[in-house]
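The residues making up each chain are set out below.
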Amino acid sequence: MAEVVKLKIFDIVGGPVWVSTEDGQKVFEKITTAFQANRTVDLSFANRENLITAFLNAAIGQLYGGAYQESFLKEHLVFSDIADDDRAMLERAIENAKRYFANPQGYDQAWQGVVDEDEE
Amino acid sequence: MGDVNSSMPGFSSLAELNAALDAYSFDTIDLSFARCTWFDANMSAPLGVVLARAVDNFNSVELKEFRPKVEEILSKNAFLAGFGFAKRSDIYGTTIPYRRFTTADDRYFAEYLNGHLRGKDLPRMTPALSARFRNSILELFVNAAMHSESRLGIFACGQYFPRKHRLDFCVADAGIGMRRKIYKELGLKMNSDRAIEWALQEGHTTRKGKVPGGLGLKLIREFIGLNKGRIQIVSDRGYWEFNANGETLARMDRGFPGTVINIEINTGDTCSYCLRGESRT
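Just so you know, the protein sequences line up as chains A and B, in that order.
Under numbering that gives the first Met the number 0, read the first sequence as residues 0 to 119, first letter to last.
Under numbering that gives the first Met the number 0, read the second sequence as residues 0 to 280, first letter to last.
Do not take every clue at face value.
Computed list of lysine to aspartate or glutamate pairs in EDC-like fashion (alpha-carbon distance at most 20 angstroms, straight line) [as the list claims (entries may be wrong)]: (1) A:K97 with A:E69; (2) B:K183 with B:E148; (3) B:K209 with A:E90; (4) B:K209 with A:E94; (5) B:K217 with A:D85; (6) B:K188 with A:E118; (7) B:K227 with A:D84; (8) A:K29 with A:D80; (9) B:K209 with A:E21; (10) B:K68 with B:D39; (11) B:K217 with A:E90; (12) A:K25 with B:D104; (13) A:K97 with A:E118; (14) A:K73 with A:E28; (15) B:K227 with B:E246; (16) B:K209 with A:E28; (17) B:K183 with A:E118.
Covered, in the sense of this in silico footprint (three residues per stretch, anywhere, with C-beta under 8 angstroms from a C-beta of chain A), are these stretches of chain B [unchecked claim]: (18) 74 to 82; (19) 132 to 138; (20) 205 to 211.
Derived from the structure by calculation, the hints contain no laboratory data.
All C-beta atoms, glycine included, are put in the ideal place defined by N, C-alpha and C.
Please take these sequences and the hints and turn them into a complete structure.
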């Protein structure tokens, strides 16, 4: 078992508002740097004021983009101090990320439709 | 300018106004509100988009001939302060004031929202419902900032209607709209009503690259469904509404110059206060 490092989102972002993709990216980079140093990450959601999926997609969702196996992430990334609603949102963001990376835009052509002249 | 409610006719009349103002540049525009007997305060956000475009076209815009009630509504939420009217105090504390933000203002926007939705006279909500509402609005703001390409910024305004037990909040941008954005990023051509439908599907996003997207609107829709509230999305000519009675998808005669999302929560529905993680008391 790799040594555990506790990362607090509050400290990485510098406050309790966790909404932007840019701030999510900072968290993502901290996590991956810790992984490279062979650490297990305990990601703390303590002191959260606002949290939305746009932030989670960048912070956590992109971990599922292929660089790490799901089994590795299960073993090396744990979440603490997280409210039930936030955990539910996080789980949805992870499922959404897996689908996004498994099938990038593959089903979209079904939406290609007849367009009225005035909307061309 | 006639009456403007949070409804398809209300959005249509703002789209008509936009089309009329598009004919002017380097001009002085006197906009009469003499025929307007009611204006839903949250609709100040899309009105802000229309007037900002007119000003951006080097026009000078003057608003006049208000009926007292309408002037009071638009003064209390600070909309008219940008047009030389004095701000009036909001003694009942039912207003979340009109503001215009840049697309980079996410933290400032969060501060505005967190501050105003803790107002003493706004409806008492459980912490979970209040957080879900605030975060839904933040999601709308970040979506608009990320996708709309709105050079003129993002416009926001909210209003609590105590008698109806409804709290409305509207986020509007002056961007390219969903239909054009989907075509630009993905090459998919569709009518503007269908473009809204596309954007509402879980996993659908115009994002490309390493960061996934396409979840925010879906979660907001689920939340509003639980709450028995309402969402309206207007983008270009597309109009979509979801409420307790079902969904409406339609096309307006004129296009709105951007995207508007109005979300309304039902503050009188005590069941929906019991979100996950909370027990009913």
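Tested hints:
Of the pairs offered as hints, the one joining K97 of chain A and E69 of chain A holds, with about 10 angstroms between alpha carbons and a cut-off of 20 angstroms not exceeded. Restraint check: the Cα-Cα separation between K183 of chain B and E148 of chain B comes to about 12 angstroms, which is no more than 20 angstroms; the hinted pair holds. Restraint check: the Cα-Cα separation between K209 of chain B and E90 of chain A comes to about 18 angstroms, which is no more than 20 angstroms; the hinted pair holds. A distance of roughly 15 angstroms separates the Cα atoms of K209 of chain B and E94 of chain A; the hinted pair therefore holds under the 20 angstroms criterion.
Note on K217 of chain B and D85 of chain A: the hinted pairing holds, with a Cα-Cα distance of about 16 angstroms set against a maximum of 20 angstroms. At most 20 angstroms may separate the alpha-carbon atoms for a hinted pair to count; K188 of chain B and E118 of chain A meet this at roughly 9 angstroms. Annotation: proposed proximity of K227 of chain B to D84 of chain A holds, straight-line Cα distance about 19 angstroms (limit 20 angstroms). Straight-line distance between C-alpha atoms of K29 of chain A and D80 of chain A comes to about 18 angstroms, which keeps the hinted pair within the 20 angstroms bound.
Proposed proximity of K209 of chain B and E21 of chain A is supported: the alpha carbons are some 13 angstroms apart, at most 20 angstroms. About 11 angstroms separates the Cα atoms of K68 of chain B and D39 of chain B, which keeps this hinted pair within 20 angstroms; it holds. Taken as a hint, the K217 of chain B and E90 of chain A pair is honoured in the structure, with Cα atoms around 14 angstroms apart against an allowance of 20 angstroms. Our distance criterion of 20 angstroms between C-alpha atoms is met by K25 of chain A and D104 of chain B, whose separation comes to about 18 angstroms.
Taking the CA atoms of K97 of chain A and E118 of chain A, the gap is near 34 angstroms; set against the 20 angstroms cutoff, the hint is violated. Proximity of K73 of chain A to E28 of chain A is assessed by CA-CA distance (about 18 angstroms); at most 20 angstroms being required, the pair is judged to hold. Distance check on the hinted pair: K227 of chain B and E246 of chain B sit about 12 angstroms apart at the alpha-carbon level, within 20 angstroms; holds. With a C-alpha separation of about 13 angstroms, the suggested pairing of K209 of chain B with E28 of chain A holds against the 20 angstroms cut-off.
The suggested pairing of K183 of chain B with E118 of chain A holds, with an alpha-carbon distance near 14 angstroms, which does not exceed 20 angstroms. Given as covered by chain A, the stretch 74 to 82 of chain B fails the check, having 0 residues with a CB less than 8 angstroms from a CB of that chain where 3 are the minimum. Only residues whose beta carbon comes within less than 8 angstroms of a beta carbon in chain A count, and the stretch 132 to 138 of chain B has 4; three or more means the coverage holds. Counting residues of the stretch 205 to 211 of chain B whose CB falls under 8 angstroms from any CB of chain A gives 4; the rule of at least 3 is met.
Hints 13, 18, counting from the list given before, are not met by this structure.
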